[in-house]
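Undergrad: Per our numbering, the very first residue in the sequence shown carries number -1; after that it's consecutive.
Incorrect hints may appear among the rest.
As the list claims (entries may be wrong) - Below, computed lysine to aspartate or glutamate pairings styled on EDC-like, alpha-carbon distance capped at 16 Å: (1) LYS183 x ASP220; (2) LYS115 x GLU173; (3) LYS299 x GLU265; (4) LYS49 x ASP34; (5) LYS286 x GLU265; (6) LYS131 x GLU72; (7) LYS30 x ASP54; (8) LYS131 x GLU149.
Said to hold, decoys possible - Now the in silico label distances, taken between C-beta atoms and shown as ranges: (9) PRO268 x SER65: 51 to 57 Å; (10) VAL117 x PRO59: 17 to 23 Å; (11) HIS166 x SER229: 25 to 31 Å; (12) ASN132 x HIS166: 47 to 53 Å.
Since the hints were derived computationally from the structure, they do not count as laboratory data. All C-beta atoms, glycine included, are put in the ideal place defined by N, C-alpha and C.
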Amino acid sequence: MASHQFICFLAMISLMIINISANMACHPDDLKGLNDFKAGIHSDTSGRLSKWIGQDCCNWPGISCNSTTNRVVEIYLPGHYVSGEDESPNFVSSTMSGSISLSISLLTSLQVIDFNKLVGLTGQIPESIGVLKNLRELNLQTNQISSTIPESVFTLTSLTTLNLENNHLTGEISENIGNLQALQKLFLSNNSFTGKIPVSITKLHSISTIHLEINQLVVIPDSIGYLTSLSSLSISNNQLTGPIPSCLGNIKQLQILKVNNNNFSVEMLPTSICGLTELSVLFVSQNKIHGPLPGCLSSFKYLLDVDIPFKRTVTLPMGVHK
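Take the sequences, apply the hints, and build the full model.
TA: Here it is in structure tokens:
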């Protein structure tokens, strides 16, 4: 009898070990996707990828998993990050060189991809990224990603943040960007985008930040004023022409407006700008704007930083940097 109980006890222990091992193991698709990504990186000064060993990928540096499904939901490998204990944090600056593997599409539960400021990522954004329908954040800022943005990116309708600034991206910004109805933050600055700012951008009714500066964009849609949730709009250092759209005055929550270093041509700023009473930053210099500064700006109590090309005829609020 005792022998039978002992055998049952061993069986239970064995089953528990098997279950624990199964729970620790990575999903085969996630494991392959991560290992293929690692294989595409030929330099990692942080050493984080050298710790990607075994099959328990949920405990690898930079990887987070869903506690129920054990599927990978986040790859967080920024170039600047905090390491060490909370009591003695260590601020690390690192780089990675290589390209993003096509197999990243195997991680179908991914919600966050953050490779910002790794500096050395090259090649294209994989077209296969479009299968990651749960993706909420794609951050490839400050790398050397080239070519155009694949159309598949604009099918990622769960995206709330798209940050591709400081890369070598080219071509026009697709009209399909209007499909990203959940998007809140869009950063495409410091690339080589050409053509018009797509009219469909005005469909992004949840958007709070649009930064498109330092490109070669030529037209801004008049309907930009429909984006009433915007708090920051930076379109400086492009080749934008025509008048500054008067409909900008509809964006009552706007705090930062940078349109400097373009080819806007107008006698004076539109009077509708008087509706932007939340402005803290206003950059309009290096355009063909000749008229006086609207008198209403003297009453803007949050205005701290102003860059204007013409003679002021009003007194700006105290403390304004000019």
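Undergrad: For each hint, tell me whether it holds in the structure or not.
TA: Hint by hint, here is what the structure shows:
1. LYS183 x ASP220: violated, 20 Å
2. LYS115 x GLU173: violated, 27 Å
3. LYS299 x GLU265: With Cα atoms ~26 Å apart, LYS299 and GLU265 exceed 16 Å; violated.
4. LYS49 x ASP34: holds, 15 Å
5. LYS286 x GLU265: holds, 8 Å
6. LYS131 x GLU72: holds, 13 Å
7. LYS30 x ASP54: holds, 12 Å
8. LYS131 x GLU149: holds, 14 Å
9. PRO268 x SER65: 51 to 57 Å: Distance hint for PRO268, SER65 holds at roughly 52 Å.
10. VAL117 x PRO59: 17 to 23 Å: holds, 18 Å
11. HIS166 x SER229: 25 to 31 Å: holds, 29 Å
12. ASN132 x HIS166: 47 to 53 Å: violated, 28 Å
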